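*Asks:* Below, each chain spelled out in residue letters.
Protein chains: 2
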Amino acid sequence: MEILVVGSVAFDSVETPFGQGDEVLGGSATYFSTAASFFAGVRLVAVVGEDFPREHRDFLAARNIDLAGLQVAPGRTFRWKGRYGFDLNEAQTLETHLNVFEGFQPQLPENFRDSEVVFLANIDPELQLEVVRQVRRPRLIACDTMNFWIGGKREALVRTLREVDILVINEGETRQLAGEANLVKAARSVLALGPKTLVVKRGEYGVLVFTAHSIFSAPAYPLEEVFDPTGAGDTFAGGFIGHLAATGDFSEAGVRKATVFGSVMASFTVEDFSLNRLRRVTWAEIEERFRKFQALTSFEGLD
Amino acid sequence: MEILVVGSVAFDSVETPFGQGDEVLGGSATYFSTAASFFAGVRLVAVVGEDFPREHRDFLAARNIDLAGLQVAPGRTFRWKGRYGFDLNEAQTLETHLNVFEGFQPQLPENFRDSEVVFLANIDPELQLEVVRQVRRPRLIACDTMNFWIGGKREALVRTLREVDILVINEGETRQLAGEANLVKAARSVLALGPKTLVVKRGEYGVLVFTAHSIFSAPAYPLEEVFDPTGAGDTFAGGFIGHLAATGDFSEAGVRKATVFGSVMASFTVEDFSLNRLRRVTWAEIEERFRKFQALTSFEGLD
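Chains as they are written, first to last, in the numbering used here: chain F, 26 to 328; chain S, 26 to 328.
Isolated chain F, as found in the complex:
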């Protein structure tokens, strides 16, 4: 199945204790698309400015990512600048320049409207709902959001969530959305808003996947070299949704296996700046790391 993704394409400037990257390729839809493209065809809906270079466009197009929905608007591309300390779990945002992203109105090319799998990356929930309305008969809709929308556009977000099958957010966002400190109770409240599956991202502690009747826990891969966590969450979503689209298996077993593939992809992204590690990673490396996740988590049962 083809995956439709709507989100941001950006230039990131990132400082970590291990180095820095200036105006490197970033953005939620970029990380998502690149990770998902290892598994399925991707249709990208986003906006860039006139400064977006040919080389980035060529990189994405070469990866089975359809750029017919990538608008070029007058002005500059979205820019984000951030810094991480030794605790790599949380970025400190230094600068955000929305630029052309500020007036973004997602428009699906006619041939994108039959997409069966849809991922709404972290954008205004009103725009997320606009995208859902433009897709004819999606089989799976997943979305991300953030504290900014949970606090500032709650009603619109709640309307969007009614249309969503899988919500992929982090731990703090789950607690904020539910107004509840206990994560298990918070997850139950969030599932009551519409999504049948809630994926809670916990950074270096992995993910928890909640459904009405089950919980699945997947660790993050313990890495010796974490250079830059930027894009890890969107890469996770790309591997996760990518695997679901490739198999068409949306059962609980399918979701669990896809969760591990999402974690595998995210574990590569953080090993280098920007999309550098995803550019190099091979399918053999992806399968090898999947097997390492099995070795990492397996234990014997009761006799």
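By construction, these hints were calculated from the structure, which means they are not laboratory data.
Owing to the predicted nature of the structure, the values given are computational and were not obtained by experimental measurement.
Glycine included, every Cβ here is placed at the ideal spot set by N, Cα and C.
As a list, the in silico DMTMM-like pairs of lysine to aspartate or glutamate whose alpha-carbon atoms are at most 20 Å apart:
hint : chain 1 : residue 1 : chain 2 : residue 2
1    : F       : 210       : S       : 297
2    : S       : 317       : F       : 328
3    : F       : 178       : F       : 149
Chain S stretches covered by chain F per the calculated footprint, using a threshold of three residues with CB under 8 Å from any CB of chain F:
hint : stretch
4    : 199-211
5    : 243-255
6    : 279-287
7    : 312-323
Based on the hints, put chain S in the right spot on chain F.
*Replies:* For chain S alone, coordinates are given in the frame of chain F:
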């Protein structure tokens, strides 16, 4: 195999957002012994004051815990007072009164000296080493420690660690002991100090078990009701070492299964104040929760 444990027996006063307990039974050796006693016989070495009531002594003795090494010293029993906020991962210590624990000199009764499994709970590393010297031919020595000893008695701690097979400490202590922010690198440095296995406790995020050639990740059980995290780490150690002693299987597979049993026991402790939940828990409940850990973590492999 019989387990020898040396550590503290205390009265805890604990406030959490969900209630409070005043001068309830606590202490590292108490939680450890009670959890371990579900799996194997326990020999307790600790000190209490003259105020330690008969009912607590009877509770421990009724659980296959040999109290021949429980000294009664003139004065009052160790008291700790702490508070947890909604983030239940870290306690704020309000008061510590060492009382009789201050002059504690562990003395093993003659019949304790043949113990095959030894757990050195969090006490002065010089005393831990004293205990090791009093045991004849232990097959397995495990220990805990804390930031106070890592910072203040590092040389003594390093000497103790040379004698230790399994070190059980938390994430921050691992980083502090190694002087390294990356947990995988830190774990490797700690293993170089002597222990063949390092168990890193991460509170609600579970545990990571490091050996020279492998990593095992076990989640904590996601609970809807966490009343009081006090003693969770010592309870984990009790279930973990208890299962190792019961099976005598110190192989990697044995350590992994024991890790899950440790996590199972800890998941009960936090469901109520003090040892209240451990007092009630049944073997059937322990096995049922072990199976829930399997359901929580299992996923399908590659085709």
